[in-house]
Structures are given as C-alpha cells and as structure tokens.
Amino acid sequence: MNSKRLLAAALVSLVLPLAGTGAYAAQPAGTFDQVLPAKNRIDFVFKQMNVPVKGYFKKANVDLVFDPAAPAKTTVRLDLDLGSVDAGSADANSEVVGKPWFDLKTFPTATFVSSSVKPLGGDRYEMTGKLTIKGKTRDVTTPVTVTQNGNTAAFDGGFTLKRLEFAIGDGSWSDTSIVADEVKVSFHVEAERRAAK
Amino acid sequence: MNAPDQYSKPAVIVHWMIAILVLVALSLGYYMTDLSLSPRKLQLISWHKWIGFTVLLLFIPRLIVRLTRPVPAPVDTMPGWQRAVASITHVVLYVLIIAVPLTGWLMSSAKGFPVVYLGLVPLPDLVGKDEALGDLLKSAHEVLTSGLLILVGLHIAAALKHHVIDRDETLVRMVPLLKR
Ligand code: HEM
Chain L
1 MNSKRLLAAA LVSLVLPLAG TGAYAAQPAG TFDQVLPAKN RIDFVFKQMN VPVKGYFKKA
61 NVDLVFDPAA PAKTTVRLDL DLGSVDAGSA DANSEVVGKP WFDLKTFPTA TFVSSSVKPL
121 GGDRYEMTGK LTIKGKTRDV TTPVTVTQNG NTAAFDGGFT LKRLEFAIGD GSWSDTSIVA
181 DEVKVSFHVE AERRAAK
Chain B
1 MNAPDQYSKP AVIVHWMIAI LVLVALSLGY YMTDLSLSPR KLQLISWHKW IGFTVLLLFI
61 PRLIVRLTRP VPAPVDTMPG WQRAVASITH VVLYVLIIAV PLTGWLMSSA KGFPVVYLGL
121 VPLPDLVGKD EALGDLLKSA HEVLTSGLLI LVGLHIAAAL KHHVIDRDET LVRMVPLLKR
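These protein sequences, in sequence, are chains L and B. Take the first sequence: its letter number 45 is residue 45 in the working numbering, and every next letter is one higher. Take the second sequence: its letter number 129 is residue 129 in the working numbering, and every next letter is one higher.
Certain hints may be false.
What the hints assert, rightly or not - Covered stretches of chain B, as calculated for chain L (at least 3 residues, CB under 8 Å):
{"#": "1", "segment": "32 to 39"}
{"#": "2", "segment": "116 to 128"}
{"#": "3", "segment": "140 to 146"}
As the list claims (entries may be wrong) - Some residues of chain B that are not near chain L, with every Cβ distance over 10 Å (derived):
{"#": "4", "residue": "Lys9"}
{"#": "5", "residue": "Val14"}
{"#": "6", "residue": "Leu42"}
{"#": "7", "residue": "Ile60"}
It should be emphasised that the hints constitute simulated quantities derived from the structure, not laboratory data. Cβ coordinates follow ideal geometry from the N, Cα and C atoms, glycine included.
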C-alpha cells in the first residue's frame, strides 16, 4: 500500500465516525418509553364471504421501552381490552363478545409480550413475542417501522394471525368459507422520550 | 312500425330471468332478515346481494330490447283505463327494478360492507361508511321493496285475470308455451 492510500484510509476512518455522530447529534439520544395512549391504534381486517370487513379496538394499553442505540433491548407489552372492539357493525359487536368468539366474561383482555427485537436495517425492525388471546398463547413475528420525529417516535407494523389458533369463532363459526381464518392486524403506537434526568 | 302480436324472443327470455330472480331476492330478503346472526345468515345475505346485483345487470339488456324491439299493442278488448293502469304499472316496475337493488347496494356501502359479486368481483363502494345514512338507505330499501311486492302482485293478478277470466292473448304473448 502506498502512502497516499494509507493517508486516505486514515482520513476516512477518522471522518466516518464523526459523520456518524454528526447524524446522531441531529436526532437527540435517549430512550422512548412515554407512550401516548390517545394515539394507540389496533386495527384489523377480516374477510366474510370474501368481503373485507374492517374493525378496531378503542382501548389498548401499551408499555414500551425502545432505545434506538440498543434496539435489541426493546421491551413491549400490550394489554388489549377486547370489550372495546368495533367489529364493523352493531350486529357483529354484540356477537363478537360472546362465548364462541372472544368469550369476554372469561377472557376480557388479550396480551402481547415481546421476546426479541432484531434490526432489519434503517428504521425497520422485526419483533417476535407471545400473543395470548382466550387463554391460548402463540408466537407471532411482525415487522415494525419506527419513525422518529424529534422527541416522539411512531411505531407501525402489522401481521396476519389465524383466528382458529386462538379459538376465536368456535363451533358453527369455524367454517372458514364464511369467515376466513386469516385476520390482518395492524398497529400504530406513539411514544415520547423519557424526560431527561 | 307495425306492432307484432308477440313479444320478441329476447324480450321473453329477459323478462322471465328478471321475474324469477326478483321473486327469489324478495323471498330471500324477507326470510334472511328475521334470522339471528349466524354463518347461514351471512351466506344468505351474500346470495341476496348477488342475485339483486344480477337483476341490475340484466336490466341493461332488458332496456336495450325494450327500446329496439317493437312491443305488441294491448289486446283490443281492453278498456282505456286498464291500458292506462297497465302502462303506469310497467313504468313503475321498471323504476323499482332499478331502485330496489340500487338502494341495497348503497345501503351495503354505507354500512361499511363492500359488495363482492359472486365472492369474486369487488364492486366499488357507492358511498363512504356512514351509520345514519346506512339506516336511512335500509328504510328506503324496505319501503321500495314493499312497493315492488305490491306492484308485482298486481302485475301477476292482472296477467292471470286476462288469461283465466277474459281468456285473451295477453299472458300467452309473454309465455309462448301457453299458445292454444
Ligand atoms: C331485485 C333486487 C332486490 C330485491 C327484490 C330485494 C329485496 C329485499 C327484501 C324483501 C329485504 C327485506 C326487507 C325487510 O326487512 O323488510 C331485503 C333486505 C336486504 N337487502 Fe335486498 N333486495 C334486492 C337487491 C339487493 C341488493 C343488490 C343488495 C346489496 C348489494 C341488497 C341488500 C340487502 C340487505 C343488506 C338487506 C338486509 C337489511 C338488513 O336487515 O340489515 N338487496 N332486500
């Protein structure tokens, strides 16, 4: 290696980390863990006789700790008030809380607890965790996109679950030619940075 | 233009296709609404929508046939007031055959349920989701349907009266099989 190249390499190795911290300085450091509950949104879409029907939950409690500098340490916990469901129509709302569906009396909440978060590059991550509905726990994996805007970050993602794995829509409703097994779930959560100590 | 003494073959075919589908949609409509929510009910509602939309589709050839093929004149023995009532009934029947399925489709859109024809072809939503509008359109669908039921009843009664009491050619022109 000639000396010119060596010099260039030395310069690059000196400047690159600086550029890195420079970019970093524009985005203040710190952990996001102050969830803004009013911004939480859990939506879902299911197919009924091949007709897409949209629904959502009005009440979702989310606890979240996300440090962009250490994404692997992220923890997320969701407690979903199943009674706050809007399943697309008045008929469906009174039906879906009943025993064959959510069985709300016995299982009022669904929970999700993250077990691992993996960076996929850029602002994209892959989160795996345990989803419990109606007493049944399954592993789910979902992509999450994090959009930072100053001291707030928005977390968006979605995945498909199979309702019958959670016994949602038992008995005569288990006929998937009427109500499909797949339910597309999507979420939007916003959190602010922890107040500086 | 010389009025023929028969309805054209396409006119007869499309008349009976619509007649059968309207009767099925009517019976299915009244039957399914009384059921409590079940997979069966969702299936019947979908079939109801598909049959109703087929009526709407068939209205296009019906209108073309009506406008391009000559229609036989009412039988000579018919008094003027009967001719008037008959032609008013026919016009209102045409209007309801469009208005009833159209309000059904509008209702479905307003209630937030897109229509997927035969479970295969997604139809556009005619209006956005709006609970109050949906309830209004539901009433419209029911009122227009009652009107349709009454007129269909009158239409059938008149056809049978022509055939059985007056013993004229009115029904035979639409049912060539009955030719004596
Ligand atoms: C020839 C066409 C049609 C006829 C004769 C017809 C007739 C009826 C009748 C008799 C009912 C019961 C009304 C009542 O409860 O008093 C009904 C309900 C209904 N129709 Fe139709 N219909 C037609 C087309 C359509 C179409 C095209 C759609 C949708 C795309 C539709 C959607 C509905 C729905 C959703 C209901 C249930 C309303 C409810 O209980 O919430 N109909 N129809």
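Here's how the hints hold up against the structure:
no.	hint	verdict
1	32 to 39	holds (count 3)
2	116 to 128	holds (count 3)
3	140 to 146	violated (count 0)
4	Lys9	holds (36 Å)
5	Val14	holds (28 Å)
6	Leu42	violated (5 Å)
7	Ile60	holds (24 Å)
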